[in-house]
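Number of protein chains: 2
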Amino acid sequence: MNIVLLSGGSGERLWPLSNDIRSKQFIKIFKRKDGDYESMVQRVYHQIRKVDENAMITIAAPKTQVSAIHNQLGENIDISIEPCRRDTFPAIVLAVAYLRDMLKVNAEESVIICPVDPYVDERYFETLKELGKQAETGEANLVLMGIEPTYPSEKYGYILTEARKDISKVSMFKEKPDKETAETYIGQGALWNGGVFACKIKYILDKAHELIDFTDYQDLLYRYETLPKISFDYAVVEKEKEIQVLRFTGEWKDLGTWNTLTEAMEEECIGEVVINDKCSNVHVINELDIPIMAIGLHDVVISASPQGVLISDKEQSSYIKPFVDRIDRKVMFAEKSWGSFRVIDIGAESLTIKVTLNPGHRMNYHSHKNRNEVWVAISGKGCTIVDGMEQEIQAGDVLTMEAGCRHTVIADTELQLIEVQLGKEISIHDKQKFPLEL
Amino acid sequence: MNIVLLSGGSGERLWPLSNDIRSKQFIKIFKRKDGDYESMVQRVYHQIRKVDENAMITIAAPKTQVSAIHNQLGENIDISIEPCRRDTFPAIVLAVAYLRDMLKVNAEESVIICPVDPYVDERYFETLKELGKQAETGEANLVLMGIEPTYPSEKYGYILTEARKDISKVSMFKEKPDKETAETYIGQGALWNGGVFACKIKYILDKAHELIDFTDYQDLLYRYETLPKISFDYAVVEKEKEIQVLRFTGEWKDLGTWNTLTEAMEEECIGEVVINDKCSNVHVINELDIPIMAIGLHDVVISASPQGVLISDKEQSSYIKPFVDRIDRKVMFAEKSWGSFRVIDIGAESLTIKVTLNPGHRMNYHSHKNRNEVWVAISGKGCTIVDGMEQEIQAGDVLTMEAGCRHTVIADTELQLIEVQLGKEISIHDKQKFPLEL
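Protein chains in written order, with numbering that gives the first Met the number 0: chain F, 0 to 437; chain D, 0 to 437.
Since no wrong hints were added, every one of them can be taken at face value.
Note: identical chains are not told apart, hence a pair may lie in one copy or across any two.
Pairs of lysine-lysine, DSBU-like flavour, derived with a Cα cap of 30 Å: (1) 173 x 228; (2) 252 x 320; (3) 277 x 178; (4) 277 x 154; (5) 277 x 329; (6) 368 x 380; (7) 175 x 277.
The set of hints was computed from the structure by calculation and includes no laboratory data.
For reference, chain F alone in the conformation it holds in the complex (with noise of 0.2 Å):
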């Protein structure tokens, strides 16, 4: 099957475990058989390639998010990159004409859509295989995916169907009714609509056509900045007769809000976390090297990373968005494709940062504008390249970088540091990359 995998996302609804780059699907939250934690993007990239191990997966991602996927899924997943933010049509579109011209997949078949991060089993991704085969039958333009409700839900969209069938027309949509309203729905044989849907390649970018002037992939990405701010459902769906819907009647969560994430948790604390029996409800997620003490709480999420520490009624939970757009957005930690970061310590003209790399990896060759930087590497060995000089590095050794210096590591083995940046005006932005030939 073709599949393409939607990830948005803001950093606020999971603050602090989620900042500007990485979103929800990012965290690292679900416990594997090893014991290890996986994150909601590997789960399911897992779970569908236990289903078809010869999926054709594509991310359809923003450039933000490319560090962590290629952390998370490693160098060879098929992204579909979006320079900026639009909305779920442009996103689509691209992400298809990427799938059509760059992996050359022949536009008969179908592709399904689905968000990144549904909290689902095995069952659901077979099902989807299903909604695949069955929009290439062309019984419909499109074949949406229903979900069976298990309580009248007023947060999500209804789709209303014509035969309480596996496989039926549908009649109409409805989105986020009231309680009374959904029950009624309910008894009509409606099913959740969790966004996701399969179809012709050739349909999407016959739509895609209808609605934009652009030649291939490679026009649509350049002109993506300019493309309308609109999302799938308003362009295409709503707008298109012939849709079925397949239903599916397995476990389906949407893990928005640090109550319903807690849910889906194995164990109540992750990280170092000491926590005494007069507690009850409680979930702890502890991302910081500093323990955290739950003493006598009741029906609390409390969650901590280098952004900051969120303690909240679980209830509660979900309204913590406008609280966080009150805080300073800085980012303070990231996973890069070649490892990851964290800011250490703050000071008026200085950024001190602890930055591991990981075997075998290297960064960008860059160098900055406003700032210097000291380098001394802690635990490690590897090579550095400044200025085209070419020098081994392992635990002990500095390195001083005038700002117009060009630099990178090369790590043999784990390779970690710590950098001080120094200057007037740093910034994550003040970066110039360069070739480099090894």
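With the hints as your guide, set chain D onto chain F.
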């Protein structure tokens, strides 16, 4: 008046704001009129000075607290330094010998012995002055301060008196009675024992010579580690027949737990804190440089420092000690006579700290056996001495020092360094001091 402030205390009950170096009396939590915060020891010191600007104030403290005392009260404060922890009898005798032999106070004068951390107003110290005067009359050998009880507490000691007068003879001591018995005592005019008393200097020295074989202060200091661990109550008070008590009716609070401490806070939050209006009876003290957000909590204290983060039901905050014992006790921050430091990263074979030197101050001239160090100055100006060589230092400068190399730094302005320690056995005890001739 001559007053000895007993500065003891462990780092456990007010974790994480206290640690093995910073006992509760050094936590800056009380708002001054100028908007800054002061600690218990600063508050008490300034209250005494206000009541008696010529008071001879000596702080009896273990050597681990000396840096913090100098940092908070200046270099000229008199400290009777306990080389190790004994109990109150040796500590009081040492301080009184210091008063007699080092400060040359007449042994016929009285001395007031008082804990460093009562939460009181100035009337309390007016009463202390009277206590000293009463001791000098010689009507009794010891004069205690008795606090008028405000409720039948089960956690204090009670002083039973012969009469309900302002000054009366003590008839009996009763430790921590149950509530009913406490009510009976209060009905009889009993007072709480706040651990404060006055007597002539001579009286304590005479008692000391009865129990300890020593000549003078220096000799006592030398023998200090061999002295028995006994309390002043056990060694002296319980055996003394001639004791008076002076009644104090003003406000007096013992701020020993998070619950009682937060009651004395003027504001509900200190530090970078976001709290929503659904919170009630919540106090947050945040000494980290990342924000804390509290949403929908009730009756909770949150406190955070580089040691860790505590979130506790207020009622239960007095029971944290056994949980603190489970946590690694590495000191993550401290105030030193020359400034302060905090640990910002702990590696397998490295430790990175941020050092702040106050203007005009310097570290000891010292070396380390088992670690190399790299210093990166991030703000300010000063001068370093490395193996006798003097050199100016300012923001951006880097110094590397091999194990064994003697070094110090002297701050002209406030000077901040990132110090990376590198070695297999990094320990705060790995330090040799050397005299430095400037």
